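Below, each chain spelled out in residue letters.
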Amino acid sequence: MLKTADLLSSRALAPLWQGLQASSPYQPTQAWLLDSPYRRPTDLSTLPVEALSEPVRLGQLFTQRSLVLNRLLFNIYEQNNLYLPQARFSEADTEAFHRFYAPDFMAANAFVRPAVERACFQLLDDELTVDGPWTMEHLEAYCQKLLTDFEATPSEVCRRVDQAAFPKQAARMFLIQVAPDFLSEASQMARALPGNFGPVHSELTKIFIDEFGYGVFQHKHSTLFERTLESVGLNSRVHAYYYWYLPSSLLMTSYFHWITSNKPRWFEYVGALYWIEAVVPHFNRQFSKLLKAQFGQDTDTEYFDEHVGIDLHHRRMALDKLIRPTVQLYGDSVIPAMVRGIEASRLLGDLAERDFFAQMDFCEALHGGKAAPEGPVDLAGAAEHPKGWFLEPRVCDVETVLAVAAGEVEVDGGYLTPRVLRTGEAVAIPAGRMVGARVASEGARLLFRPRGEAAARG
Amino acid sequence: MRVVELPARHWAQVRTGDERYLCVRQGGVLTVILDRCKHRGGPLSKGTWDEKTESITCPWHELINSPRDLCRRKVPSVRVGNVLRIVIPDEG
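Protein chains in written order, with this note's numbering: chain D, 1 to 458; chain X, 1 to 92.
Since the hints were derived computationally from the structure, they do not count as laboratory data. Don't take each hint at face value.
[Said to hold, decoys possible] Calculated pairs, DSS-like style, for lysine-lysine (alpha carbon to alpha carbon, straight line, at most 30 angstroms):
#, chain 1, residue 1, chain 2, residue 2
1, D, K206, D, K145
2, X, K74, D, K145
3, D, K220, D, K289
4, D, K263, X, K74
5, D, K289, D, K145
6, X, K52, X, K74
Note that the structure is predicted; figures quoted are calculated from it, not measured.
All chains, full assembly: derive it from the sequences and hints.
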């Protein structure tokens with residue numbers, strides 16, 4: 001059987017990997033926001049091709065290697081999505097458009113995709129097993145228990161955001177984390193539609209039609225989400241905030257691409273779809289209230305409100321029209337895959353929450369002036385950078401210090417209002433957290449080093 | 001039907017009502033079985049585990065429960081990290 005990972009590690013295909021490393025869409029930019037959906041900065045330069053054969057374990061999810069691999073995988077899947085500019089193509093748009101969707105670039109990405117998928121999703125195999133003689137009765141009892149527990153608990157996301165020192169920024173950051181999915185909502189489902197797979201095919205199509213607003217652009221769920229973004233002061237351009245997508249947010253979005261594009265995972269997808277549809281109403285009701293409380297009663301929350309109603313139907317449709325007939329036709333042996341889909345969605349959702357809370361804590365500390373490192377910092381290794389020099393948002397694998405020896409530097413963790421550090425100021429970034437910086441004055445001198453290397457001796 | 005949790009480790013046990021359940025590693029996968037010997041329902045968790053053959057000798061009549069026997073006693077289970085959940089009939 002063809003194993004792309006083996007081929008890649010044989011070095012025979014090193015030029016292909018080098019081609020991806022040097023490809024135009026993956027090169028860094030110099031700004032916080034991306035101005036084009038065709039630019040996908042993905043720093044593959046530090047990633048040897050052998051890195052693809054090393055899975056990202058659960059404890060490594062919040063690392064720079066994980067971020068890069070998850071950006072890569074997300075971008076590979078997103079080449080299946082068409083994005084067009086909001087106005088006429090500029091010359092730069094045209095070039096970038098053709099480069100992002102270039103057949104050779106897509107082919108190179110497609111070739112590495114199975115290896116990247118293995119690296120990113122191995123953690124699900126590590127963490128989840130489903131075993132034993134499942135029946136429909138077991139599955140229903142299990143789902144009911146999970147749902148009852150879920151709905152008995154208020155949303156921790158809403159509670160944490162509500163109690164934050166900077167709740168508006170925290171709410172916006174949450175919206176950014178769901179943007180990789182919601183800006184092209186149901187595009188993963190669209191991957192599941194081609195073919196001919198019996199009555200459930202038509203039932204899935206009904207859910208899909210709802211997601212796409214019955215062909216009415218103003219009702220399409222991605223359009224509703226764009227309006228929510230604009231309503232809270234965010235840019236609705238596709239992936240404008242790409243740099244702030246956390247590894248877990250990308251992984252969650254990619255999971256649904258993975259299980260819809262890999263056809264043997266169909267039964268897993270049915271389970272995962274059911275769970276997502278099932279939990280949305282409870283969360284969306286609370287998040288809608290939170291947005292109105294934070295941004296005013298005129299905030300456009302239709303995206304969230306719409307899902308409170310429609311997903312109650314989708315939950316029922318997924319159970320009665322997809323799961324039940326599928327089990328009836330193919331037997332109980334397909335149930336464990338469905339349970340795995342449910343549990344994978346739950347696990348990825350939990351990881352995304354954990355990642356978001358930790359990033360939020362760092363942003364709260366950064367913007368509240370409480371992120372200073374303990375003890376003095378040795379500024380001897382500070383390097384001079386020109387105004388505009390950009391440290392792309394990245395994940396710090398270990399506790400890291402960012403210190404300014406001279407000048408002014410903007411630092412952000414995803415609250416979109418960078419804090420300006422001046423001469424002599426420093427911040428500590430906890431391990432696993434994302435940070436970016438931009439030099440705001442000529443001749444600034446900046447130190448960005450692991451805490452252990454930056455501590456002043458003496 | 002009810003959902004009950006137990007630790008995801010070999011030989012972990014849970015008792016609920018009159019029934020006991022035992023977690024065993026079979027072919028590298030943690031699985032949960034009814035804690036009853038195939039013979040007279042003796043408590044397998046009090047028996048002897050044979051690592052090599054992955055079988056359990058019942059303490060009552062020293063009857064060997066082979067992997068195939070244990071497989072017949074499996075209950076639906078999900079492992080998430082180090083927690084196992086099983087779906088079992090309601091008591092009574």
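For each hint, the structure was consulted:
1. K206(D) / K145(D): Holds, because 27 angstroms separates the two Cα atoms, which is no more than 30 angstroms.
2. K74(X) / K145(D): Roughly 21 angstroms separates the two Cα atoms, so the pair holds.
3. K220(D) / K289(D): 22 angstroms, holds
4. K263(D) / K74(X): The hint holds at about 29 angstroms.
5. K289(D) / K145(D): Holds, at roughly 26 angstroms.
6. K52(X) / K74(X): 20 angstroms, holds
Going through the hint list in order, the structure satisfies each hint without exception.
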